[in-house]
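Novice: Here is what each chain is made of, one letter per residue.
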Amino acid sequence: MDIAEQLHKTIQDYIDRMPSLSTTVTKVLEVCNSPKTSANDLNRVISLDPVLTGHVLKLINSAYYSLPNQVSSLARAIIMLGLNTVKNLALSTAVVGALGKKSCFTALPMDAFWAHSICVGVTAKALAAARSVPSAQREEYFVGGMLHDLGKIPLNTCFAEEYAQALQLAALEQGSLLRAEQLLVGVDHGLAGRLIGEKWRLAPSIIDSLALHHAPEQAPDEYRDLVATVALANLYTNIYEIGSAGDMFPETPFLMSILDIMGLRWADLMPLHEIVQVELDKAQVFLKLTERENS
Amino acid sequence: MRVKFWGVRGSIPCPGPHTCKYGGNTACIEIRFDDLPRQIIIDAGSGLRELGNFMMGHDLPKGPITTSIYLSHTHWDHIMGFPFFTPIYIPSTRIEVFGPVSHERDTLETIVGGQMTYRYFPVRQAELAASISYANLKEGRFDLGDGIVLTTKYLNHPILCLGYRFEYQGKVLCTAYDTEPYQNLFCTDPNEPEYDELMAIEGETVAREQNEALEHFVTGADLLVHDAQYTAGEYAPSKVGWGHTPMETAIAVARRRQVKRLALFHHEPMRTDGQFDLLCQDYAQRGGEGGPEIFFAREGEEIIL
Chain A
1 MDIAEQLHKT IQDYIDRMPS LSTTVTKVLE VCNSPKTSAN DLNRVISLDP
51 VLTGHVLKLI NSAYYSLPNQ VSSLARAIIM LGLNTVKNLA LSTAVVGALG
101 KKSCFTALPM DAFWAHSICV GVTAKALAAA RSVPSAQREE YFVGGMLHDL
151 GKIPLNTCFA EEYAQALQLA ALEQGSLLRA EQLLVGVDHG LAGRLIGEKW
201 RLAPSIIDSL ALHHAPEQAP DEYRDLVATV ALANLYTNIY EIGSAGDMFP
251 ETPFLMSILD IMGLRWADLM PLHEIVQVEL DKAQVFLKLT ERENS
Chain B
1 MRVKFWGVRG SIPCPGPHTC KYGGNTACIE IRFDDLPRQI IIDAGSGLRE
51 LGNFMMGHDL PKGPITTSIY LSHTHWDHIM GFPFFTPIYI PSTRIEVFGP
101 VSHERDTLET IVGGQMTYRY FPVRQAELAA SISYANLKEG RFDLGDGIVL
151 TTKYLNHPIL CLGYRFEYQG KVLCTAYDTE PYQNLFCTDP NEPEYDELMA
201 IEGETVAREQ NEALEHFVTG ADLLVHDAQY TAGEYAPSKV GWGHTPMETA
251 IAVARRRQVK RLALFHHEPM RTDGQFDLLC QDYAQRGGEG GPEIFFAREG
301 EEIIL
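Chains as they are written, first to last, in this note's numbering: chain A, 1 to 295; chain B, 1 to 305.
Think of the hints as simulated: they come from the structure by calculation, not from any bench. Warning: the hint list may mix true and false statements.
As the list claims (entries may be wrong) - In silico EDC-like links for lysine to aspartate or glutamate, alpha-carbon gap of 20 Å or less: (1) A:K9 to A:E161; (2) A:K58 to A:E198; (3) A:K282 to B:E192; (4) A:K36 to B:D189; (5) B:K4 to B:E302; (6) A:K36 to B:D196; (7) B:K4 to B:D189; (8) A:K58 to B:D189; (9) B:K260 to B:E293; (10) A:K282 to B:E197; (11) B:K138 to B:D106; (12) B:K260 to B:E248; (13) B:K21 to B:E197; (14) A:K36 to B:E192; (15) A:K36 to B:E194; (16) B:K171 to B:E215; (17) B:K4 to B:E301; (18) B:K21 to B:E212; (19) A:K282 to B:D222; (20) A:K282 to A:E30; (21) B:K171 to B:D143; (22) A:K282 to B:D196; (23) B:K138 to B:E96; (24) B:K171 to B:D146; (25) A:K58 to A:D111; (26) B:K171 to B:E293; (27) A:K58 to B:E139; (28) B:K171 to B:E301; (29) B:K62 to B:D35; (30) A:K58 to A:D16.
With the hints as constraints, model all of the structure from the sequences given.
Specialist: Laid out in structure tokens, this is it:
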């Protein structure tokens, strides 16, 4: 087995036991342990955790369900699988997360990673709405944005030392984290994201959001708008420093090329500020409430 | 096809003086073919014990027993008869067990055979004399040989659950239990604080699509064995989300989908023979002109298709 294969195998072995984010675990446990949980609450709590969202979509798209069309919407998964199945799945994922939280997220602070993911999801969805993407498809934009950096989790956990160095290098050079990952880990988070997406059988559009949000021009025509939207939402989130996933220095030519793909100007994003902030506040309130109740 | 009900109850066996007529055993249905030496069993509820005893007297003297068991799902009332199915203790028996398995990592063998551990039962799975194989079944269409075609469809139950559609020489037997109509689980009242328009719309769309697919699955069945655990009056106030169907809905589906005979099945264990007789006077008449013949499935009853 060569080095690349070995790296892939390490990541693939880790994917199935990838824990939920500890930021959301308390709320997940509370919502899912309650016999009176509503579908709205369940959808909401899961959609605030990229790992859990991935796990639920994995379940419905997995071979067990062998459905003809891949599902990329949590609401659909909840109706089809039922509240109990989804609750139990969320509980088992959350418990793993609660046990495993000390060992993971050594270099990337988890709360900041969570805020970054949420913000990219919310921004992608708001961009979709602003550009009149049909409402039935907007959930996919949220999921694509929410999950886009999932590939960083195995890198950060399985190769903690190298990943810390990659983050330092990107910070020192004020450059691309993707390149630093390639140099120091040997796998970047786009590729790791693709491995996750393929193993979990996520919809191709979501896989491309994970794999190509730093190169949306490579996405096939039918998914390019989604991937470019996620890429733009990611840059927006990084520029305004909402949370952090280690990628602090967006390159201007890249930003320009995405705006070009989407036919937008940077100024068009200004009206998003308020929407994004409101959504982020709501999510934080939703989660923090629990911490108070449990403290 | 000859279809025989060996167990018709839901949830738990309920033997006693008030269940003699309709039967107290949990789900077990046998299919035989007049011109084929094959037997198919659907579900291994407590009715399987009686069926096993019958097979010991009827089939074993003619030669080794070979059979296939299709489990709708692995809730206890659908697998509890397995340890008491006498053919599993006969070395010459060959059994294939098929069924759906949820996301938990246990295999079908562990789930069904797991009842046979010392904790629950004096004989261990490993000690069984028969040759038993297990296969995880998914949604799809399968050629079972001899001209028998099986279509499987996921149903709406709190665990992964399959409906079966067996077709042979133009005749169709379809099972759809344990199941409940899909519903929009999301809040649809804009005045509620948790209301979310997109969730509400998508929930509505998905529920409608899934119900349509479920109805399509039973279309044109010569015999549809459908979940009918509750009346609409029992269902609405407190049983929503339990994974069972009101009789009224089962009848409406059968009427809409040109079903010829509808066996109301998976009976509520609290329901007595007397209550069934009363319900029968009303519900059996609801097929309408040219509509399905409707009856409450009775243990021991055989239907020829």
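Novice: Run every hint past the structure and note whether it holds.
Specialist: Consistency of the hints with the structure:
no.	hint	result
1	A:K9 to A:E161	18 Å, holds
2	A:K58 to A:E198	10 Å, holds
3	A:K282 to B:E192	16 Å, holds
4	A:K36 to B:D189	18 Å, holds
5	B:K4 to B:E302	4 Å, holds
6	A:K36 to B:D196	18 Å, holds
7	B:K4 to B:D189	46 Å, violated
8	A:K58 to B:D189	30 Å, violated
9	B:K260 to B:E293	6 Å, holds
10	A:K282 to B:E197	16 Å, holds
11	B:K138 to B:D106	15 Å, holds
12	B:K260 to B:E248	16 Å, holds
13	B:K21 to B:E197	50 Å, violated
14	A:K36 to B:E192	16 Å, holds
15	A:K36 to B:E194	14 Å, holds
16	B:K171 to B:E215	18 Å, holds
17	B:K4 to B:E301	6 Å, holds
18	B:K21 to B:E212	35 Å, violated
19	A:K282 to B:D222	54 Å, violated
20	A:K282 to A:E30	17 Å, holds
21	B:K171 to B:D143	15 Å, holds
22	A:K282 to B:D196	13 Å, holds
23	B:K138 to B:E96	15 Å, holds
24	B:K171 to B:D146	14 Å, holds
25	A:K58 to A:D111	24 Å, violated
26	B:K171 to B:E293	16 Å, holds
27	A:K58 to B:E139	17 Å, holds
28	B:K171 to B:E301	19 Å, holds
29	B:K62 to B:D35	16 Å, holds
30	A:K58 to A:D16	10 Å, holds
Comparing the model with each numbered hint stated earlier shows that hints 7, 8, 13, 18, 19 and 25 do not hold.
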